[in-house]
Every structure is written in structure tokens, then in C-alpha cells.
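Undergrad: The primary structure of each chain is shown beneath.
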Amino acid sequence: MGNRKIVIHRTAEHWFGLILLSAVIVVPVGWIMLYSAAYSFGGIGRLSAGWTLRYWMNGLQSGSLASSLLLSMAVSASIVSFALITSLGFVLVSADLRDDRRLFALLLLPLGTPVAVAAVVVYQILNPGGLLARIAFHGRWINSPSDFPVFVNDVWSLGIIAAGTFTAFPLLTLFFFKTWSAAKIDKYCRLAESLGATTFRSRIRVALPMLLRRSRSMILLMFLVNLGSYEIPLLLGRQSPQMISVLTQRRFGRFDLLHRPQAFVFATAYLVVVAAGVVTLQLGRRHRG
Amino acid sequence: MAESPQNQSANRRPMLFVVSLAALLVTPYGLLLLLSLGSGWTFPNLRPDRMDFAPWKSILADRDGLLRAMATSAGISLIVATFATVMGLLIGRSLRQRQSPLWRILIYLPFVVSPVIAATSLYDLLVRMRLAGTLTGVVAVQVLFATSFCAVISFELWNRRTDRLESLVRSFGGNSVAVWRHVILPECRGLIGVCIVQSALYSWLDYGLVSVIGGGHVVTLTTKLFGYIREASVNQAAMSSIVLMTPVIIGLSFVGFGTLFRSFRSRTMLEEP
Numbered sequence: 054m055g056n057r058k059i060v061i062h063r064t065a066e067h068w069f070g071l072i073l074l075s076a077v078i079v080v081p082v083g084w085i086m087l088y089s090a091a092y093s094f095g096g097i098g099r100l101s102a103g104w105t106l107r108y109w110m111n112g113l114q115s116g117s118l119a120s121s122l123l124l125s126m127a128v129s130a131s132i133v134s135f136a137l138i139t140s141l142g143f144v145l146v147s148a149d150l151r152d153d154r155r156l157f158a159l160l161l162l163p164l165g166t167p168v169a170v171a172a173v174v175v176y177q178i179l180n181p182g183g184l185l186a187r188i189a190f191h192g193r194w195i196n197s198p199s200d201f202p203v204f205v206n207d208v209w210s211l212g213i214i215a216a217g218t219f220t221a222f223p224l225l226t227l228f229f230f231k232t233w234s235a236a237k238i239d240k241y242c243r244l245a246e247s248l249g250a251t252t253f254r255s256r257i258r259v260a261l262p263m264l265l266r267r268s269r270s271m272i273l274l275m276f277l278v279n280l281g282s283y284e285i286p287l288l289l290g291r292q293s294p295q296m297i298s299v300l301t302q303r304r305f306g307r308f309d310l311l312h313r314p315q316a317f318v319f320a321t322a323y324l325v326v327v328a329a330g331v332v333t334l335q336l337g338r339r340h341r342g
Numbered sequence: 052m053a054e055s056p057q058n059q060s061a062n063r064r065p066m067l068f069v070v071s072l073a074a075l076l077v078t079p080y081g082l083l084l085l086l087s088l089g090s091g092w093t094f095p096n097l098r099p100d101r102m103d104f105a106p107w108k109s110i111l112a113d114r115d116g117l118l119r120a121m122a123t124s125a126g127i128s129l130i131v132a133t134f135a136t137v138m139g140l141l142i143g144r145s146l147r148q149r150q151s152p153l154w155r156i157l158i159y160l161p162f163v164v165s166p167v168i169a170a171t172s173l174y175d176l177l178v179r180m181r182l183a184g185t186l187t188g189v190v191a192v193q194v195l196f197a198t199s200f201c202a203v204i205s206f207e208l209w210n211r212r213t214d215r216l217e218s219l220v221r222s223f224g225g226n227s228v229a230v231w232r233h234v235i236l237p238e239c240r241g242l243i244g245v246c247i248v249q250s251a252l253y254s255w256l257d258y259g260l261v262s263v264i265g266g267g268h269v270v271t272l273t274t275k276l277f278g279y280i281r282e283a284s285v286n287q288a289a290m291s292s293i294v295l296m297t298p299v300i301i302g303l304s305f306v307g308f309g310t311l312f313r314s315f316r317s318r319t320m321l322e323e324p
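Which chain is which? The protein sequence lines are A and B, in order. Everything in the first sequence is counted per the working numbering, starting at 54 for the first residue and increasing by one. Everything in the second sequence is counted per the working numbering, starting at 52 for the first residue and increasing by one.
Hints are not guaranteed to be accurate.
For the chain B half of the interface with chain A, some residues (derived, Cβ under 7 Å), not all of them [to be verified]:
hint: 1; residue: 76
hint: 2; residue: 85
hint: 3; residue: 88
hint: 4; residue: 138
hint: 5; residue: 145
hint: 6; residue: 148
hint: 7; residue: 164
hint: 8; residue: 167
hint: 9; residue: 195
hint: 10; residue: 227
hint: 11; residue: 228
hint: 12; residue: 236
hint: 13; residue: 237
Just so you know, the hints here were simulated from the structure itself, not pulled from any lab data. For every residue, glycine included, the Cβ atom is placed at its ideal position computed from N, Cα and C.
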């Protein structure tokens, strides 16, 4: 096996790289995981009274852990689905624009928008005193801001979903355009068309499954990023239930030290959920070869 | 490609999409720009109450330390980018020599932890090391995440040609210094650029880590922005959003057009027999 590959020299530099990896990445992340797990079981901390399951039971029984995790997953899944539908729709309809520099320049603007700025803009547009409400007022559809439907800090997290979709859309679109070129989907579509398929049918039956198949890990990654997002739900979310990052940070930030183990229960639960997702991602990748 | 009439009609349809997409994408930024140009924005007005350029004047007068915050942000991102790029490159390079997938999973570890949750867990440790609320502490935690990005980038985008060149230099008796000077630095220029831009932008945009680790003592552009939002000063928030975005757009256009150019060059190289 080794003979046909390039001869690789293991020098001191390579060992140095591995030491760096351990020191800079593995040890701190290991610390984060162990520390939050130990704290959540009461093993450590200023006011620790010995190992206990109390905080976990508390989190599970009050329902705040389950509702927060469910909300985070539901919101993240909706963001990914909306972004997928819009970007796939756009790419399938206008695949011939994939090398267009003007389109790239246009997508650069939302692509370069920090999540915090996206949250600010969405808030200014959608809140009851925002741009849409003002336009509605001038159009005489509403008489006061209170007539305007609630889109931010609302029950359905519409504001969070709108802001998340806005930031996810350009990235997914560029990714699909790139995949389209890399997988030479054009050729397969042309083949299907020469065999008698309509353009619409070739796009739906050939291009769409090919794109989806190749974007599985990207979709999972995007799901995870939105699952842990902080700035957007901080501005656009409700007080209760809160998304998991905001909830953890709020519990931790309180001056009452008794709340801290609770914060670490949320942190640990989040780590377990995401680790399961990442392991799936890596396993799927190895399976595909 | 032959230009048939059918093809032309197919070209016109996406133009409509592009125009409506453009309107949808540009409107929010128009609003930001408009809001940043004046002061106040009472309810039924579509424009700010007074168009007096107050937010931009306050930047120049440096009334509330925004220039200082910008300098802090820029300084932190430069330091983070330097450390993260060098270490990420070293890590990515040494991982190329390992066949076991275990090592590869390790560089993805920081993706598992949400930054805010990581900062929360590291806070107590940093307090004990007297680094909480300091610039050094913020840089240290940001370097952890940025290094992981750089390691992933340099591991995934590594060019096999570089390995072959390194092998060549080594078989002629070159040492590590020669390898870095004659192979890695010239061959991986694009890769290094992507790493620097990505990690600098990550640090420039970070709010979660700075707010938790910095604890209000480290004032950056993002914490300023959230301060304005909390005070409900719409115009200041719009202005600092624009200031925050500008380097990102510039950096991304460098990286983006650089990648386009590079893919073009490698395509022509591949076509040679």
C-alpha cells in the first residue's frame, strides 16, 4: 500500500502539528465537555453539595429542557427547509446563470451579512412599528401599529425563521451552483432530454435528486449551525420557550449561583444532541466512500 | 454554444427572477443605509425624522468610543487570524500524514460546541487564570475556534501536487525550512489567503464569545452594535451594521473572485496533456 503512494516524511514538524492539535483544540473542547457534564451532575462548583441527579430531573420535569430543544430543532429544521426550497427552486429554474459574475456579486451582499445585522434588519422590517407596518399604514390597510400582525418575538418564531432563511439562502444557492458544475448535471439533463424528457421533467427527476444527494452533509451542517444560533433568537425570539443557546446563556448570566448547574444541564444536553448529529455526518461520509 | 431562439427565451425568464431577487435582496440594505443617514424614525414616517447624518458625524467626533471599538475589533481579528492560520496550516499538514479517521474527526470538534456554550464552560477556567474580561482571554478562545476552521480548510483543500513537490524537495536533501520556503509558501498562497480572511472575519463578527468572555470589559464593534440595539437607537444600530458589514463584503469578494480565478487556472492546467 505504501509503495504506490507518495513517500511521506514524518518529521518533527508533523509531530509538532499533532501536539498543537491536542493543545489548542482537543484539550479545551474536552475540558468544555467534561466540565459542563460534571457541573450538571453537581460534582463541581462553588456551591456543590455532592454528585446528584437533581438538576437533570429538575430540567426534565419542568419541561424547559425538552421544550427548548424541541423549539430549537423545529426552528432550525424550518429554516433549512425554507432555504432549501427557495435556493433549489432558484437553481433549478436558472441553472444557466451559474457562471454569471453579476449574480455572484448580487449574492455577495447577503452572503456577507453577519447574523447580527440580519437580525437587526429583519427586526426593522417586520416589527409592528417597522417598514412593512409603515407601508401598510400608508396603504390604509391598518390604522395603528397594534393592528399589524406580530412577526417578531412571536409564538411561531416567524422572525427567527425569516432571518435564518435570509442568511442561509445565498450560501446554499452558491453551493448548489457549484455542485451543478462539479457533478456535470448539465450532461445528465441533456441526456434525459434527448431521450424525450421535457426540460421540467429532467430538472425534477434528474437534477433535483442529484443535488439533494450531494448536499446531505451541507444540509446537516446548516441544521447544526442554526440549532446553536444565538444572536438571531436573542433579538427576535420570545421569553419562553427560548432557543437553547439563549436559554443557557440567560441561566448562566444570572447572579444566583444556584442556577448555574441548570445552565450546564442545558449545555450538556445540547452537546449530546449535536455530537450525535456530527457522528451521523461522519459515518454517512465514510459509508459513501 | 449555439444560440437558438428557444435558448434566448429561456434566458429571458431567469432575468425576471434575477430582477425580483435583486429587489428582495437589496431592499434591506437600502433601509439600513437610509436609517443610518438621519436621526429618529417615528412611526408613520418612511424616512428618518431629520436627515442630518448624525450617526456618521458621531463616528468622526468619536463621541461614544466607536473608533476605539473598531480598532479593538481590528486588532483582535489580526492577532486571531495570524495565530489561527499558522497553527491551522501546521495541523492540517500533519493530518495529511495520518490515515486514521479519528484524527480527522478531532479537527471538527469545535463545530460540536455552540460558541456561547463553550464560552460559558470556559469562563470559570479563565477566571482562575485571571484571563476573564481581558483581551488575551477573548483572543485565546477565538483562536480555538478559528484554528479549527483553518485546520479544516487546509486539510480539505490541500492540493496533492504540494505533497509531490515536497517529496521532490526532500529527496534532493532539502530540510523543513526548504520545504516551507520553496513548496508550501508559494504553492499554498491561495489557501493561506482563504484561511486569513476566514479567521479574521470570524473574529471580527463574533459577538457570543466576546460578550461572555469579555464580560463588558472588552468593547468591540459587535458589542457596541448590541448596545445600540438594547438602547433602541435605530440610526446608530444601522450605521454600526454598515461599518460591521463593509470589511466582510470586501474580504469575501477577494476570496470569491480569487477562487473563481484559481478554478479557471487549474482547469486550463488540467487541459494540458
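Undergrad: Of the hints given before, which are not true for this structure?
TA: 2, 3, 11, 12, 13
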